[in-house]
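**Q** Protein sequences, first through last, are from chains A and B.
Residue numbers for the first sequence follow this note's numbering, beginning at 1 and rising by one.
Residue numbers for the second sequence follow this note's numbering, beginning at 1 and rising by one.
Calculated directly from the structure, the hints in this document are not laboratory data.
Where hints are given, some of them may not hold.
As the list claims (entries may be wrong) - Restricting the straight-line Cα-Cα distance to at most 16 Å, the calculated cross-link-like pairs of lysine to aspartate or glutamate (EDC-like) are:
| no. | chain 1 | residue 1 | chain 2 | residue 2 |
| --- | --- | --- | --- | --- |
| 1 | B | 257 | B | 463 |
| 2 | B | 85 | B | 113 |
| 3 | A | 13 | A | 27 |
| 4 | B | 257 | B | 285 |
| 5 | B | 379 | A | 51 |
| 6 | B | 393 | B | 293 |
| 7 | B | 257 | B | 293 |
| 8 | B | 85 | A | 76 |
| 9 | B | 379 | A | 54 |
| 10 | B | 379 | A | 49 |
| 11 | B | 85 | A | 82 |
| 12 | B | 67 | B | 113 |
| 13 | B | 344 | A | 25 |
| 14 | B | 85 | B | 48 |
| 15 | B | 344 | A | 27 |
| 16 | A | 13 | A | 26 |
| 17 | B | 265 | B | 303 |
| 18 | A | 13 | B | 340 |
Below are the chains, spelled out letter by letter.
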Amino acid sequence: MSEQNKAESIDVKYVAHLARMHLSDDEATVFQEQLDHVLEHVRSLSGLDVDGVEPTAHAVPVHNVFREDETSRTLDHGQVMDNAPVARQGLFIVPRILE
Amino acid sequence: MSDLFQASLSELMRQLDRRACSAEEVVSDLLARMESSRDRLNAYVSIDAENALQQARAVDTARAAGKQGALLGLPIAVKDVLNVKDQPCHCASRILEGYRAPYDATAIARLREAGAVFVGRTNMDEFAMGSTNENSAFGPVRNPWNADYVPGGSSGGSAAAVAGGAAIAALGTDTGGSIRQPASFCGCVGLKPSYGRVSRYGLTAFASSLDQIGPMTRTVEDACLLLGVMAGRDPMDATSMDADVPDYAATLTGDLKGMRLGLPKDYFSDGMDSEVEQAVRIAVDRCAGLGAEIVEVALPHTEYAIATYYIIATAEASANLARFDGVRYGAREQGADPLDMYGKTRAARFGPEVKRRILLGTYVLSSGYYDAYYLRAQKVRTLIRRDFESVFKQCDALLTPVAPTTAYRLGEKTNDPIRMYLGDIYTVTANLAGICGLSVPCGFSEAGLPIGLQVLGPAFGEDAILRVGHAYEQATDWHQRRPAL
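So that you can see chain A by itself, here it is in the shape it has in the complex (with noise of 0.2 Å):
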């Protein structure tokens, strides 16, 4: 845990790259210090011991649920195509990606 000890800072720019979320300089200046704050008192968990503690994902404990392998009806193919922003012959379209 030595590294969350230090004051460390959050790089926003860089995470909104990973969240493929563009931010403007005022939304970064402005996130920056708001989410070092939480993450100052998130780092209160680093005084806990948690050696050999199962790590929890889900509350209710379910694995693998199965089901018969039969088709059944999915949603209407034209009317999920109808909340395309573009869309052609079916298609979801968007930006060109190869020259």
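With the hints as your guide, set chain B onto chain A.
**A** Chain B in isolation, oriented as in the chain A frame:
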């Protein structure tokens, strides 16, 4: 009949069964109230009056033909985070502009099958992230008891509508207290079922291991009615449990004889408003008077709950909200290439609280920080879960405050996220542990704002907390008070 809009679901059901009124009368009376209180509350993001009246007329025809249903003709308001076929589902966000749901959430489908009439979509914090309902693309909801105060959040529209006479009952969702806290702030009943009790299919995911759908009502009896219809295994949600759904209303005995109720000493600590503490302690005495044995219990990891919650919830949110990228649904901002398009769409369309949580969640999952934050929080979650497992060996349910304070003033906490998050201390633990929780009105502050009593029960122990809430409610008149709008 007048003032149908102030009745409970159960009262309306009795009137409909006796033909003292029609479903159309109920729905049109309520629609008039929804319209007249719209500017004051801003509880709805959309009202589809014509469609609601059509549903009501169809019910009246069906009733005349002898059809029966647990909710036949009863109007329900739906939080804007749940998919109702052919209706918009904005999640109070600008990023879902233009989206129309191609299907019913399972909870909605079950209510529909039981004859419920859907009257409108309630306002909320964007993507259910917030404790004040100020993070909405549709503007803040106002507390029905005082327009200068927030209704709580994130299900603020549902709570304000039920308490303010603009809904008979509503659905909310609760990831860290989003049903119970607004119920407390507005003075209505709010139930967060155990994780796995109600299918999450069709609920726009915020934090998948914490989210639950639940009823917000005027009485505990009404909460029983809605839970009974919605609960149970659904093949569309692998985490919904195949557990028996009891006849909840049948468990309401009106007394607490033979019940042992725990008082977590770690919840009665510094930071709680003295008026809240006093109201809750009086409510505890009242429960003792109804026959319950009160025991003090310990939840020693409570002080770590907020940190644990905000790591896990934001981590899951950052993954869940990755789907909003302008490709398949909702709004899109033009970009030079796909990455630029995602970045611009998300920048222009998410509000500040959603952005903050996506950033925090992305950070705690990122390379080099995962073990220190996310994995560690999951381990502390185990400790919190064990706290409750141990406590429920000593008692049937717990009595606690819902929130440390009454409703905040509008704008009071908007620029101070951590102070806002700390207000969730008594509610987030139930979501982390997967247990159930109920908020019932238990008093008012001197300023005239409602105070809520929280009843926590073990996983799939809704019958116990509903029995406690109902017995307390029947012994008091807090739930009958109505704000003057």
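**Q** Run every hint past the structure and note whether it holds.
**A** Hints, one by one, checked against the model:
no.	hint	result
1	257(B) to 463(B)	holds, 15 Å
2	85(B) to 113(B)	holds, 13 Å
3	13(A) to 27(A)	holds, 10 Å
4	257(B) to 285(B)	holds, 14 Å
5	379(B) to 51(A)	holds, 9 Å
6	393(B) to 293(B)	holds, 14 Å
7	257(B) to 293(B)	holds, 8 Å
8	85(B) to 76(A)	holds, 12 Å
9	379(B) to 54(A)	holds, 6 Å
10	379(B) to 49(A)	holds, 10 Å
11	85(B) to 82(A)	holds, 13 Å
12	67(B) to 113(B)	holds, 12 Å
13	344(B) to 25(A)	holds, 14 Å
14	85(B) to 48(B)	holds, 13 Å
15	344(B) to 27(A)	holds, 14 Å
16	13(A) to 26(A)	holds, 11 Å
17	265(B) to 303(B)	holds, 12 Å
18	13(A) to 340(B)	holds, 15 Å
Of the numbered hints listed earlier, not one is contradicted by the structure.
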